[in-house]
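Enquirer: So the chains spell out like this:
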Amino acid sequence: MLCENLSPSVYICENFTILDSRMELFITRYIQLKNHQVIINGIVEYLSEEQSVSKLLRSVYRRSNIDYPKFFKMDNLSKLGFLSAEILLQGTDILQKYPGEELGIILGNASSSLKSDEEHQEFIRDRKKYFPSPSVFVYTLPNIMAAEIAIRHKIKGENTVFIFERFDHGFIYNYISELFRNQRVNCCISGWIDCYGDRYESFLFIAEREDMINRYKELQECIIFDPLNIEKLFKGESISWKI
Amino acid sequence: MVDVFIGADNTITSLGFSTAGLVEQIKANQIGISIYPGGNLYPTPVPLSLVDNRQLQDLFRQYLGETQPGLQPGSFTHLEMLHILSISDVLKSSGVNIKDPRTLIILSTTKGNIDLLEKDSYPVIEPDRIYLWKLAEFLQHFFGNPNKPLVVSNACISGVLAILIGSRLIKAGMYDHIIATGGDIVSEFVVSGFQSFQSLSPAPCKPFDAARDGLSLGEGCGTMVLSRDHSLCAIPEKIIVAGGSCSNDAHHISGPSRTGEGLYLAICRALKEAALDPPDIDYISAHGTATDYNDEMEAKALSRAALEPVPVNSFKGYFGHTLGAAGIIESALAIESMRNNELFRSAGFENPGTSKNINVLTDHIAKEVNHCLKTASGFGGCNAAIVFKKI
Amino acid sequence: MEDLILKLKKEIINVLNREDITPEDIDTEAPLFGDGLGLDSIDALELIVLLEENYGVKIEDPKEGRKIFNSVKTMAEYIQKHQKN
Chain G
1 MLCENLSPSV YICENFTILD SRMELFITRY IQLKNHQVII NGIVEYLSEE QSVSKLLRSV
61 YRRSNIDYPK FFKMDNLSKL GFLSAEILLQ GTDILQKYPG EELGIILGNA SSSLKSDEEH
121 QEFIRDRKKY FPSPSVFVYT LPNIMAAEIA IRHKIKGENT VFIFERFDHG FIYNYISELF
181 RNQRVNCCIS GWIDCYGDRY ESFLFIAERE DMINRYKELQ ECIIFDPLNI EKLFKGESIS
241 WKI
Chain L
244 MVDVFIGADN TITSLGFSTA GLVEQIKANQ IGISIYPGGN LYPTPVPLSL VDNRQLQDLF
304 RQYLGETQPG LQPGSFTHLE MLHILSISDV LKSSGVNIKD PRTLIILSTT KGNIDLLEKD
364 SYPVIEPDRI YLWKLAEFLQ HFFGNPNKPL VVSNACISGV LAILIGSRLI KAGMYDHIIA
424 TGGDIVSEFV VSGFQSFQSL SPAPCKPFDA ARDGLSLGEG CGTMVLSRDH SLCAIPEKII
484 VAGGSCSNDA HHISGPSRTG EGLYLAICRA LKEAALDPPD IDYISAHGTA TDYNDEMEAK
544 ALSRAALEPV PVNSFKGYFG HTLGAAGIIE SALAIESMRN NELFRSAGFE NPGTSKNINV
604 LTDHIAKEVN HCLKTASGFG GCNAAIVFKK I
Chain B
635 MEDLILKLKK EIINVLNRED ITPEDIDTEA PLFGDGLGLD SIDALELIVL LEENYGVKIE
695 DPKEGRKIFN SVKTMAEYIQ KHQKN
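Residue numbers (this note's numbering), protein chains in the order written: chain G, 1 to 243; chain L, 244 to 634; chain B, 635 to 719.
Keep in mind the hints are simulated off the structure, nothing from the lab.
Predicted model, so just to flag it, every value in this text is computed and none were measured.
Cβ atoms here follow ideal geometry from the backbone N, Cα and C, with glycine treated the same way.
Mixed in with the good hints, there may be bad ones.
Computed spacing ranges between beta-carbons, pair by pair [what the hints assert, rightly or not]:
| id | chain 1 | residue 1 | chain 2 | residue 2 | range |
| --- | --- | --- | --- | --- | --- |
| 1 | G | LEU95 | L | GLU480 | 41 to 49 Å |
| 2 | G | PRO69 | L | GLY264 | 48 to 56 Å |
| 3 | L | GLU480 | G | ASP126 | 52 to 60 Å |
No more than 20 Å apart at the CA atoms, straight line, and that leaves these computed lysine to any residue pairs for SDA-like [stated by the list, open to error]:
| id | chain 1 | residue 1 | chain 2 | residue 2 |
| --- | --- | --- | --- | --- |
| 4 | G | LYS70 | B | PHE667 |
| 5 | L | LYS391 | G | GLU165 |
| 6 | L | LYS362 | G | PHE123 |
Generate the whole structure from the sequences, applying the supplied hints.
Expert: Listed below in structure tokens is the structure:
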């Protein structure tokens, strides 16, 4: 059933060569939030009229039919990450399949929490009106967006936020492969969450092992987890083959 | 099976510009936290641990003069000076070549060049060095390393994570050597933020103590060389990264879990990977920030992992909480303890202050240390644990 | 007092970013923490800033916070008692 030689066994990335025996890992679901669109498994599910990021995020929240008041306390970066994970996970059963300790969150980001940083800096600009806000300050760390996802879905395993200039599909592939190979995770949520002002982009996917995808029909819809496929999905290019 | 050796390390804190110097100060019970009277960093007096700026400027100017005479100190931020001096120090002693394509730089920082947000702070420096990836690339190009550096920014566990991830990359065959460098400055941004959380102590902090009332912020930089090739290591003892893990409490964005279950999970996994049981651990370098909640949570996690009898300390009573640098500076000190078989008093501790009876060090003592556990926890409910082993 | 209570409710909604509720949703005497509005530790810190910034009232002992922020009513009473005129 598995196509043996479709993916390279040697992946050349940046300045090094990775020799990697075939890992039976698959991307079982992926979503993107960009250009005012919510895209699930490559299909545009929702197109928003909203112009500002804040209004867009609010409209996606309302459409997702959840009741989570803490959403309104988050900064836009965390809202983007939270909603992306919400949409990603609403269509799967991974939270039932895996205990929280076996789930990992590995994210890439470029701007860190710069918008919240600027907001906090503004609160301390004037010594005569000096009222720093703890609820703003808490969001001045990029890993809080991963924390909000972890708290909502009780994800307790490996969690790391890497800061890249651009999404580094090669590194993400290599690092997640390592996590699976050494049984540090049994399922991993990964991708790219970035937001600064009206510039935003999210790409999240679920990576699972083949032996945990138990129905033949499910496997038909999965994408082999390899660096070229990750890159294509991120760019919104079609995958010419699946299983 | 690849062993990842600790090759060399450097630390820069209020107590000096080298690890050996820092150890001397600790042995002499020097505390590097003093009352900042109020000024640029915060309007009112607050205890802080600051690197000696005059000495930093002198050392940096001297270093530039010797290595890159065309460059001016004004082209570097405060944090960049710390990182460059720290990295250059480890390169002096270790045989690892930073220009080698098999060497990767990993940067650990929570806020990077956050002082670039202050108006007119650095008139000639490009503002996009506020981006952490840009700061990392700046260091990469300064030292002529060919690889885009990895940047880890996960609150206060970043330093431990950098070492842990670095060791994983070496074991996976992606690189042979890692230069893990962690740093954070004390800035008005951070001081005011922590004050809004009411988490700063009005006096030098007292980790694990019954009278603890908050943390003390410190600035610093720590750099550690990891290598699969012991012949390139400056440290003659064979000390390896034996295992490690990170986890999330999944509880609250700023408050740690009340049960310590996240840290407990990380500790268990670290021990398992290192093929060790709790009685095998000779010493624990804890996170110990001296806040009410962190220290209590950490004590609970250690107790749950059957580590109550193991001698434990926090270094934050000496030089404060150095955020992105903490995991690396404190790991470097733990390595020193392993090398010299001596443990250091947990500064600021007098009376037990947690519900669990952990064994906080009250004196400097001689003890054989073959296996050491380092823990860290941070905002966002993240936890990390790493085990160092002498082989 | 009624004016102060309504003003406080609006301010609480604003500083805590609770777009999902209106002043009418907040019961003046109901607990703010725990079951009531379900505020957490960061919210408590924000309320301390609110009192100082909008009313000039500084809470000297943070441990008093529990009692002062028990409900909108206790907050209003504290402000009236400590606000410098």
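Enquirer: Indicate, hint by hint, whether the structure satisfies it.
Expert: Here is what the structure says about each hint:
1. Range check, LEU95 of chain G to GLU480 of chain L: about 45 Å between beta-carbon atoms, so the 41 to 49 Å window is met.
2. As the Cβ distance of PRO69 of chain G to GLY264 of chain L is approximately 51 Å, the hint placing it in 48 to 56 Å holds.
3. For the pair GLU480 of chain L and ASP126 of chain G, the supplied restraint of 52 to 60 Å holds, since their beta-carbon distance comes to about 54 Å.
4. Between the alpha carbons of LYS70 of chain G and PHE667 of chain B the distance comes to roughly 14 Å, so the proposed pair stays at or under 20 Å and holds.
5. Proximity of LYS391 of chain L to GLU165 of chain G is assessed by CA-CA distance (about 10 Å); at most 20 Å being required, the pair is judged to hold.
6. Using a Cα cut-off of 20 Å, the hinted pair LYS362 of chain L and PHE123 of chain G holds, with the two alpha carbons roughly 14 Å apart.
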